[in-house]
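Produce the complete structure using the sequences and hints provided.
Here the protein sequences come in this chain order: A and B.
All letters in the first sequence, in the order written, are residues 1 to 518 by UniProt numbering.
All letters in the second sequence, in the order written, are residues 1 to 186 by UniProt numbering.
Derived by calculation from the structure, the hints in this document are not laboratory data.
Just so you know, nobody snuck in bad clues.
Per label pair, the in silico range of CB-to-CB distance:
1. Val-31(A) <-> Gln-51(B): 55 to 65 Å
2. Tyr-35(B) <-> Tyr-508(A): 43 to 53 Å
3. Arg-16(B) <-> Tyr-135(A): 26 to 36 Å
4. Tyr-35(B) <-> Trp-27(A): 34 to 44 Å
We put the CB at the ideal spot given by N, CA and C, even for glycine.
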Amino acid sequence: MADHHPTGLKRWLFTTNHKDIGSMYLWFSFVMFIIGGAMAMVIRAELYQPGLQFVDPNFFNSMTTMHGLIMVFGAVMPSMVGLANWLIPMQIGAPDMALPRMNNWSFWILPFAFTLLLSSLFMDGGAPNFGWTFYAPLSTTYGPPSTDFFILGVHMMGISSIMGAINVIVTVFNMRAPGMTLMKMPLFVWTWVITAFLLIMVMPVLAGAVTMMLTDRHFGTSFFDAAGGGDPVLFQHIFWFFGHPEVYIMILPAFGVASEIIPAFARKKLFGYSSMVYATASIALLSFVVWAHHMFTVGMPVAGELFFMIATMLIAVPTGVKVFNWVATMWQGSMTFETPMLFAIAFVILFTIGGFSGVMLAMAPVDFQYHDTYFVVAHFHYVLFPGAIFGTTAAVYYWLPKWTGKMYNEKLGKLHFWLSMIFVNLTFFPMHFSGLAGMPRRIPDYNMMFADFNQLASIGAFGLGLTQILFLAILIKTIWGKAEKSSDKPWDGATGLEWEQLPCPAPYHTFDTPPKVS
Amino acid sequence: MSEQEQKLSNKSLVMRLLGVVGGMFLFGFALVPLYDVFCEITGINGKTRGQAIYQKKEIDHDRLVTISFIADVKRGMPWEFKPMENVVKVKPGELNEVRFYARNRANEDIVGQSVPSISPSEGALYLNKTECFCFDQQRLAAGEEIEMPMKFYIDADLPEDISHLTLSYQLYNVTEAFAGDSVAAK
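Below you can see the structure in the form of structure tokens.
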């Protein structure tokens, strides 16, 4: 019984094991990361110099749209669900997720959803080309025929994430080992529970928005069509009511990862555990009342702009609490700088830069200048790449010995880190400047004056893309190639049930009898 | 907890969470009327309210408000559409009439629907229309032309800092999509 499991294809199709499903989620998100990354390479190649070089403008627009959709829904979100599957049961001392069959289903929907979405690339009229935010009427009146495939794809992704979120909440509420009180849970679990609540609150709203698009396109309704009494601005309100909590859905689990890794390598307890929990919850609550800061330029009354501006700037307070707590955890710690720690520290620094440009964007009067420029692109890539993706990468390096029983090559890991660190900044930092100078988003051609910044960003992007292939090579070498065996506790500062009570690799079934929690 | 209890408690939590999901899906749709009600009360999206009734008002002879008119046709609308007067100066409280001109340049019947918008949007609540072509759709035969009246008055409560309002009409071709019975026929 102990380690028995079916083999071959059936193991993966029918598995209800949280570790198998976690691995599938992580590999799926890596595949999507490569596909979405390839699209980014097309974008950066076209923008390497002014003028139209490689692709026609409509295809360029499809690339920006698909890159965004695939990275958000295909790469970042599933990678976080993958981490949740692997880690949450082990961290709270549960034998598996609470709803294992639903877990299997919520993963297996994803390949179909993304096949639908990606198939639109090969259709007449091209793939969706209206930006990942799919504003009406671009996506309703003027959307290509493939928009309907996009709509159904989004419905399926939504169902998958909702099921994943429900599973996390039920697992954490009902399956904790005796003695594992809420305020003893590792922060990764806490941030994921809060993320899960955000998911079940906003994914249905997104489903509603795309359903309205579908009926506007085909069934004669006019939710977003002014000719029939609707209002296109309403679309933006509904979309961003989903969209703003969505950005925290992508980053909160990475906050949790950093809160696990930094104490382990600083060999100190996390500074301000409970304030971390409350700060995360405050960020989540505030995320529901700030959505219109994405649409300051639609013609809102001053009172509205003031409200959304102040509410948005308030978010800097709990976020600041978190950043200061991470720094205070490192303060006077006995730090060592293995790959996971390097990624976690870079996460703190670069995410904070993204946070600062976020505060700049929150200011309604200046947002009129920044709106829809590369400054916005720089901002959200700073919080997503060195934020969410560095967070996930740090987690993969940190828990890889636990998952595989083998140790990655530290030299290669450090090389991966330093190349990523250099190229991520080379890619996205110049975008601040081109954006402030007025370069618009989602445009295949641009004024000569932006040429230097774009050339730098493109060189950075090619390097950043290649570097992630190195990551793939490191993973393959560790998992299937020649790699050092890991001890049961490769990180001497690591804490938590998964490090203290389980060997490396963790057996297929863990905590069949609940562990003792001190 | 025994396995049985665990299952039951999981089930009840799942049901409650599914309730939240269902509720939020409905909330997404509830945003549509909520948005309309909110905008109608506050007037902040620049839409004028429905038909107003003019009662003899006290006319403010000391104040003149400039009203500019803009008329545009949307893509796929083959009509000529313009205000007969581009700018009028009116006294608050006074009932005024202006006319818009439209001509169907196509070779077939076309149904048009105009949608108003007022800028600055804070003024939307104070411009009241007693009669407007935008309350109805217009069907013009090929080559037919029409003068369409619009009667309105400015509320005397119009804030002092607003001295100029712009009323814009966007004219949509709704022959296929929303005209009369054709919506039901589709």
